[in-house]
Amino acid sequence: MITTSGLTKVYQSRGREVTALDGVDLHVREGEVYGVIGQSGAGKSSLIRCVNLLERPTAGTVTVAGQDLTALAGRGRRAGKELRRARNRIGMVFQHFNLLDSRTVRDNVELPLEILGISGQARTRKALELLDLVGLADKAKAYPAQLSGGQKQRVGIARALAGDPKVLLSDEATSALDPETTRSILQLLRDLNQELGLTVLLITHEMDVVKTVCDSAALMRKGRIVESGTVGGLLATPGSELAHELFPVGGAPSGPGSTVVDVTFHGEAAAQPVISQLSRTYNIDISILGAAMDTVGGKQIGRMRIELPGPFDENVVPIGFLREQGLQAEVVDGSPAAPTGIPSQTPAAITKEVAK
Amino acid sequence: MTWSEMQPLLTQGTIDTLYMVLWSTLVTVVGGLPLGILLVLTDKGGLLQNTVVNKIVGVIVNIGRSLPFIILLIALIPFTTWVVGTFIGPSAMIVPLAIGAIPFFARLVETAVREVDHGLVEAVQSMGGSIPTIVRKVLLPQALPSLVSGVTTTVIVLIGYSAMAGAVGGEGLGSKAVTYGFQRFDDQFMLITVALLIVIVTVVQLIGDVAGRLLARRGRTTT
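So the protein sequences, as listed, match chains A and B.
Just so you know, we're using UniProt numbering here: the first sequence kicks off at 1 and counts up by one.
Just so you know, we're using UniProt numbering here: the second sequence kicks off at 1 and counts up by one.
Hints were generated in silico from the structure; no laboratory data involved.
Don't take every hint at face value.
Below, computed lysine to aspartate or glutamate pairings styled on EDC-like, alpha-carbon distance capped at 20 Å [claimed, not checked]: (1) A:LYS141 x A:GLU114; (2) B:LYS44 x A:GLU17; (3) B:LYS55 x B:ASP43; (4) B:LYS137 x A:ASP107; (5) A:LYS81 x B:GLU122; (6) B:LYS137 x A:GLU17.
All chains, full assembly: derive it from the sequences and hints.
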């Protein structure tokens with residue numbers, strides 16, 4: 001649905017060149033919720049603005065719903081008629097809502113319809129329908145200043161849907177909201193995704209957003225996408241930074257000379273008593289350092305950090321056993337384990353241990 | 001001078017002043033508003049970024065702003081004569097008054113429009129809005145309270161200018177004050193004219209403040 005290839009954006013700033021996007025290839029499939037996560041300055045904002053060409057990419061192409069937008073854009077700074085028409089079919093919501101405070105809620109939602117040239121009554125009807133869809137039918141006559149943050153974002157979403165878009169871009173839509181409101185807005189995005197078949201591309205710096213709502217995710221750093229894939233696929237990838245951040249398990253080993261292993265359970269494997277089997281089969285004592293169960297991308301996932309006695313070479317066989325059971329087992333290098341949080345600049349301390 | 005002698009002079013002066021100020025304000029808004037918007041749009045990072053146009057308009061506006069009005073008034077006599085047919089009388093004065101106030105108002109418009117949150121412009125762009133749409137539906141409505149206070153300030157400046165215009169063949173309270181108050185040493189008349197001007201300015205400011213406050217409050221009331 002959205003494809004960018006070799007997307008590059010270089011800003012000129014006081015004679016210096018700042019590369020915000022460095023050859024980004026992104027592929028968002030139709031009907032999925034795709035999250036791009038990264039720290040501020042990673043280029044997320046430039047990326048999402050290049051998708052509807054609010055920012056002109058320096059190089060590369062953007063295709064949305066089969067339409068090459070970069071070709072529509074032409075050379076000038078002004079957006080031509082065709083690009084503007086294409087933009088009308090791409091909804092966008094913003095971190096700070098960007099509602100006109102001089103207009104009522106209904107008039108704000110009508111604005112894109114006015115741009116489309118839809119006449120009075122049809123416009124009002126459509127606006128009220130959209131407000132109903134986002135659960136704000138009773139606020140049509142209110143002004144944005146009378147609404148809470150979550151309500152404002154709902155208006156923003158209703159407005160973004162006015163052009164019957166196939167694609168919704170979300171620029172940190174929940175970053176200015178409290179956790180509870182964030183959840184309700186993400187739920188709304190999820191519902192719209194499912195009911196209207198809307199493809200959603202969102203950028204965020206909150207791992208929770210990706211965890212709650214995304215089918216696929218990409219990690220951005222310094223203008224590049226360093227990792228991407230479906231959430232399930234990422235969790236199944238040994239050494240995936242995103243998986244580690246999505247699902248951190250902590251816990252320091254009790255002392256030197258032991259082997260720490262992160263075990264990820266998903267699907268069938270989660271139902272089996274693997275740890276006790278492991279303990280009985282090899283007659284070893286296993287300490288559980290940390291464990292968590294969660295729903296990621298709609299699937300139950302468990303993660304556990306365990307400690308096996310003895311150095312790694314003594315534990316090759318038990319680790320092999322875990323892998324045979326269909327579990328993902330990663331040996332954690334170095335101790336104590338690196339603390340987790342927002343994607344850190346230093347790669348997570350995980351060695352990619354190749355299954356034998 | 002007795003009151004019965006003064007009264008017709010003051011009435012005529014007030015009418016002429018209001019006439020000049022009203023029309024020149026109208027011309028100023030019509031001329032200054034697009035100029036101010038042009039300054040914002042063509043500025044660096046603006047929607048119609050164009051350094052050449054921006055610099056040229058900027059220089060013209062600055063020259064207009066820095067010329068003392070009395071000099072402008074005299075320098076424009078040939079132009080005024082060409083436009084109106086004469087350079088004397090309240091109608092003729094509208095020309096220099098407007099030309100003097102346009103650059104001033106254009107700067108006020110520029111400041112007001114620049115204050116509009118760029119996010120709103122971006123939002124309308126993302127809906128596919130063209131530049132005229134952005135100006136009409138975002139920049140002007142969002143800047144309206146500031147624009148109204150800009151017009152108020154401009155009207156007051158024009159009242160001041162119009163009094164000055166009295167020195168170069170204009171009519172109005174200023175001219176009456178010069179002729180009767182100053183040249184005939186009629187202190188009482190002078191004081192009354194000054195008081196009248198103060199009253200007019202105060203009333204204008206009051207109207208402007210109320211209008212501005214009403215507009216700014218629109219949408220900001222809490223339930």
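Consistency of the hints with the structure:
1. A:LYS141 x A:GLU114: With a Cα-Cα distance of about 18 Å, the restraint between LYS141 (chain A) and GLU114 (chain A) holds, given a limit of 20 Å.
2. B:LYS44 x A:GLU17: It holds: about 17 Å lies between the C-alpha atoms, which stays within 20 Å.
3. B:LYS55 x B:ASP43: holds (9 Å)
4. B:LYS137 x A:ASP107: Distance of about 11 Å is within 20 Å: holds.
5. A:LYS81 x B:GLU122: Within the cut-off at roughly 16 Å; holds.
6. B:LYS137 x A:GLU17: violated (35 Å)
When each numbered hint is compared with the structure, a violation occurs for hint 6 only.
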